[in-house]
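S.K.: In our numbering, the protein residues as written are 1 to 300.
Misleading hints may appear alongside valid ones.
What follows is a set of in silico ranges between Cβ atoms, one per label pair, in the way DEER data are often shown [to be verified]:
| hint | residue 1 | residue 2 | range |
| --- | --- | --- | --- |
| 1 | 279 | 199 | 37 to 43 Å |
| 2 | 214 | 290 | 40 to 46 Å |
| 3 | 69 | 275 | 45 to 51 Å |
| 4 | 265 | 74 | 25 to 31 Å |
Calculated from the structure, these hints are not laboratory results.
The C-beta atom is built at its ideal place from N, Cα and C for all residues, glycine as well.
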Amino acid sequence: MSSMAIPAYRRPWLLFALLTTGLWGVWGAFAGTPAENGFPETLIYVVWAFTMIPPALYALWRIDWNWPWDRRSLIYGAAVGLLGAGGQMVLFHAVRIGPTYLIFPVIALSPLVTIVLSAAILRERVTWIGGLGILCALMALPLFDFSPGGAGTGQGLAWFVLALLVLVAWGVQGFFMKYAAPVMSAEAIFAYMALTGLLLAPVALAMTDFSQPINYGWSGPGLAAATQILNSIGALTLVYAFRHGRAIVVSPLANAGAPLITALISLAALGLVPALPKLAGIGLAFAAAALLTIEPEDQA
Numbered sequence: 001m002s003s004m005a006i007p008a009y010r011r012p013w014l015l016f017a018l019l020t021t022g023l024w025g026v027w028g029a030f031a032g033t034p035a036e037n038g039f040p041e042t043l044i045y046v047v048w049a050f051t052m053i054p055p056a057l058y059a060l061w062r063i064d065w066n067w068p069w070d071r072r073s074l075i076y077g078a079a080v081g082l083l084g085a086g087g088q089m090v091l092f093h094a095v096r097i098g099p100t101y102l103i104f105p106v107i108a109l110s111p112l113v114t115i116v117l118s119a120a121i122l123r124e125r126v127t128w129i130g131g132l133g134i135l136c137a138l139m140a141l142p143l144f145d146f147s148p149g150g151a152g153t154g155q156g157l158a159w160f161v162l163a164l165l166v167l168v169a170w171g172v173q174g175f176f177m178k179y180a181a182p183v184m185s186a187e188a189i190f191a192y193m194a195l196t197g198l199l200l201a202p203v204a205l206a207m208t209d210f211s212q213p214i215n216y217g218w219s220g221p222g223l224a225a226a227t228q229i230l231n232s233i234g235a236l237t238l239v240y241a242f243r244h245g246r247a248i249v250v251s252p253l254a255n256a257g258a259p260l261i262t263a264l265i266s267l268a269a270l271g272l273v274p275a276l277p278k279l280a281g282i283g284l285a286f287a288a289a290a291l292l293t294i295e296p297e298d299q300a
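Can you build the whole structure from these sequences, using the hints too?
M.R.: Quick look at the structure:
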């Protein structure tokens with residue numbers, strides 16, 4: 001049966017994936033504003049770590065506070081959490097020493113790692129429709145963050161190596177979200193993500209240059225909290241999407257759809273006109289989302 005004939009409410013992975021793209025799309029449009037207002041990105045990480053607490057408590061409530069602590073759960077939970085939070089910490093250093101307009105297009109290809117691992121280890125397959133959608137998504141991802149003339153001095157190839165580390169970390173994280181699904185609930189996986197994020201908060205504090213002026217007003221930490229809660233809830237819905245759907249489809253759909261919404265918000269609400277590369281990315285992401293939505297459901 002084609003997924004076109006299956007109502008959306010009977011495809012929870014799609015609903016959760018679309019929720020993720022919506023939440024992350026809005027978050028992406030405003031996430032950089034606190035830093036522009038003088039609130040360091042390292043402190044934004046700390047705020048993000050604390051915004052993970054409310055959805056984590058909700059997730060644990062859904063499973064009657066049954067947080068698994070066996071060895072396998074610890075390994076899987078730590079892998080998902082540390083790969084995500086650790087990748088963010090590496091990214092902080094990368095953008096300090098390298099050009100952001102080159103770093104983010106590299107990181108945007110992280111779904112490729114998820115796809116390769118899911119196909120090789122989980123034996124996930126897609127039809128030509130889904131394959132074309134994945135191709136469109138992977139082509140769209142780098143285009144959203146291409147900004148010629150961006151700042152960045154670069155230090156040899158160090159920034160490139162760090163960007164590759166983030167790419168691999170987030171790509172492998174997506175795979176582990178799906179790999180752990182048969183033995184752990186989505187709620188437990190997210191709880192571990194929140195815990196590891198909090199454990200790395202002191203590292204972010206240590207990376208912060210407190211000798212520089214810091215905006216502690218509403219436009220700093222307040223706005224960071226308002227935007228990062230969208231990021232955190234989107235992370236929870238992404239875990240649900242991976243649990244119910246194929247990682248080989250969920251990963252490119254979420255990672256292409258969110259920049260699409262971000263670009264549209266920037267155009268409509270912020271009065272920004274996307275450059276030609278981003279316009280091309282919008283078209284490719286829209287095509288990817290449409291193709292992955294109609295991908296037949298019985299190919300898992």
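S.K.: Which numbered hints turn out to be false for this structure?
M.R.: Number 4 only.
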